[in-house]
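Q: Make the full structure from the sequences, and use the hints.
The opening residue of the sequence shown carries number 1 in the UniProt record's numbering; numbering runs sequentially from there.
Calculated from the structure, these hints are not laboratory results. Everything numeric in this text was worked out from a predicted model, so none of it was measured. Fair warning: there could be bad hints in the mix.
With a Cα cut of at most 30 Å, we get these calculated DSBU-like pairs of lysine-lysine [to be verified]: (1) 139 / 78; (2) 203 / 137; (3) 88 / 4; (4) 44 / 138; (5) 74 / 138; (6) 74 / 140; (7) 203 / 138; (8) 137 / 84; (9) 84 / 44; (10) 138 / 38; (11) 203 / 139; (12) 38 / 88; (13) 74 / 84; (14) 78 / 140; (15) 137 / 88; (16) 74 / 88.
With beta-carbon atoms standing in for the labels, derived distance ranges [claimed, not checked]: (17) 85 / 11: 20 to 28 Å; (18) 29 / 142: 38 to 46 Å; (19) 79 / 50: 30 to 38 Å; (20) 79 / 46: 37 to 45 Å; (21) 191 / 10: 17 to 25 Å; (22) 37 / 77: 41 to 49 Å; (23) 30 / 77: 39 to 47 Å; (24) 166 / 137: 36 to 44 Å; (25) 73 / 29: 36 to 44 Å.
From the three backbone atoms N, C-alpha and C, an ideal C-beta is built for every residue, glycine too.
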Amino acid sequence: MNNKTWFIFTFLAIGVAGYAIVQYFILGVHQAGLVQLKLMLLSKLSTFWYIMLYIHIVSSVFSLAIGPFTLSRKFREKNIIRHKWLGKIYLIGILFGSISGLYLAFYATGGLAGQLGFSFLAIFWFYTAYQALARVKKKKILDHQKWMIRNYSLTFAAVTLRIWLPVFMLIFGLERFEFSYAIIAWLAWVPNVLVAELFIQRKLNKKQANIRPNLSRQIPKQF
1 MNNKTWFIFT
11 FLAIGVAGYA
21 IVQYFILGVH
31 QAGLVQLKLM
41 LLSKLSTFWY
51 IMLYIHIVSS
61 VFSLAIGPFT
71 LSRKFREKNI
81 IRHKWLGKIY
91 LIGILFGSIS
101 GLYLAFYATG
111 GLAGQLGFSF
121 LAIFWFYTAY
131 QALARVKKKK
141 ILDHQKWMIR
151 NYSLTFAAVT
161 LRIWLPVFML
171 IFGLERFEFS
181 YAIIAWLAWV
191 PNVLVAELFI
201 QRKLNKKQAN
211 IRPNLSRQIP
221 KQF
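A: Below, the structure is given as structure tokens:
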């Protein structure tokens, strides 16, 4: 990832993280647009639902803001200890964010399609984080990087969701919000994963293929 692309991703991630903090913790949860729309469809939301929402917001905000720094090669090479600590905080955020997100998905707007979209997002979010952790424990660094890229593409759904929302509102209007949200529940993350996989295939797999011939030349032949 070049500096310009990294800066754009970081700017959007920190911007949405800051927006979430202002929206949910300064203005108040009942001022949040998505909560207000949900209350229009449901007469009441349980206290436990609000607790899980707060857990999801806090953990997701940390992961969203930290993610770009864990993926930065320059930051990793110059700050290996900080990279490890940020990685641990990031994965803890994913753990709490995915579990709370899976619970919230059962109450997602958009009917069954919306619930399934956000449920699969939460499941894959947890799964890719687990795979990234498993690879780094086995010292498979390049494979770890691949899974971290896949995982952050799912974390970045917090950004793409907020990009798609106004687009669909302009096209379909508020009266068809449930229909729009059912589509966004998938559109927020599926294209992200496809782009991440394309990047992995073009960049990291090519890098891995170049490493293997070099290693084979370094291994002495057995006679």
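Q: Hint by hint, say whether it matches the structure.
A: Verification of the supplied hints:
1. 139 / 78: With Cα atoms ~19 Å apart, residue 139 and residue 78 stay inside 30 Å; holds.
2. 203 / 137: holds, 23 Å
3. 88 / 4: Holds. Residue 88 to residue 4 sits at ~26 Å (cutoff 30 Å).
4. 44 / 138: Measuring from Cα to Cα gives roughly 47 Å; hence the hint is violated.
5. 74 / 138: Since the Cα atoms of residue 74 and residue 138 sit roughly 23 Å apart, the hinted pair holds (cutoff 30 Å).
6. 74 / 140: holds, 19 Å
7. 203 / 138: holds, 22 Å
8. 137 / 84: holds, 12 Å
9. 84 / 44: Outside the cut-off at roughly 42 Å; violated.
10. 138 / 38: violated, 44 Å
11. 203 / 139: holds, 20 Å
12. 38 / 88: violated, 33 Å
13. 74 / 84: Holds, at about 14 Å.
14. 78 / 140: holds, 20 Å
15. 137 / 88: At roughly 12 Å apart (the allowed maximum being 30 Å), residue 88 and residue 137 satisfy the hint.
16. 74 / 88: Holds: residue 74 and residue 88 sit about 18 Å apart, inside 30 Å.
17. 85 / 11: 20 to 28 Å: Cβ of residue 85 to Cβ of residue 11: about 23 Å, so the range 20 to 28 Å holds.
18. 29 / 142: 38 to 46 Å: holds, 41 Å
19. 79 / 50: 30 to 38 Å: holds, 37 Å
20. 79 / 46: 37 to 45 Å: The hint (37 to 45 Å, Cβ to Cβ) holds, given that residue 79 and residue 46 are roughly 42 Å apart.
21. 191 / 10: 17 to 25 Å: Since the Cβ atoms of residue 191 and residue 10 sit about 20 Å apart, the hinted range of 17 to 25 Å holds.
22. 37 / 77: 41 to 49 Å: holds, 45 Å
23. 30 / 77: 39 to 47 Å: Between residue 30 and residue 77, where Cβ atoms are some 45 Å apart, the hint holds.
24. 166 / 137: 36 to 44 Å: Given range 36 to 44 Å: holds, Cβ gap about 41 Å.
25. 73 / 29: 36 to 44 Å: Holds, since residue 73 and residue 29 (Cβ atoms, about 38 Å apart) stay within the stated range.
The structure fails hints 4, 9, 10, 12 (numbered hints given earlier, in ascending order).
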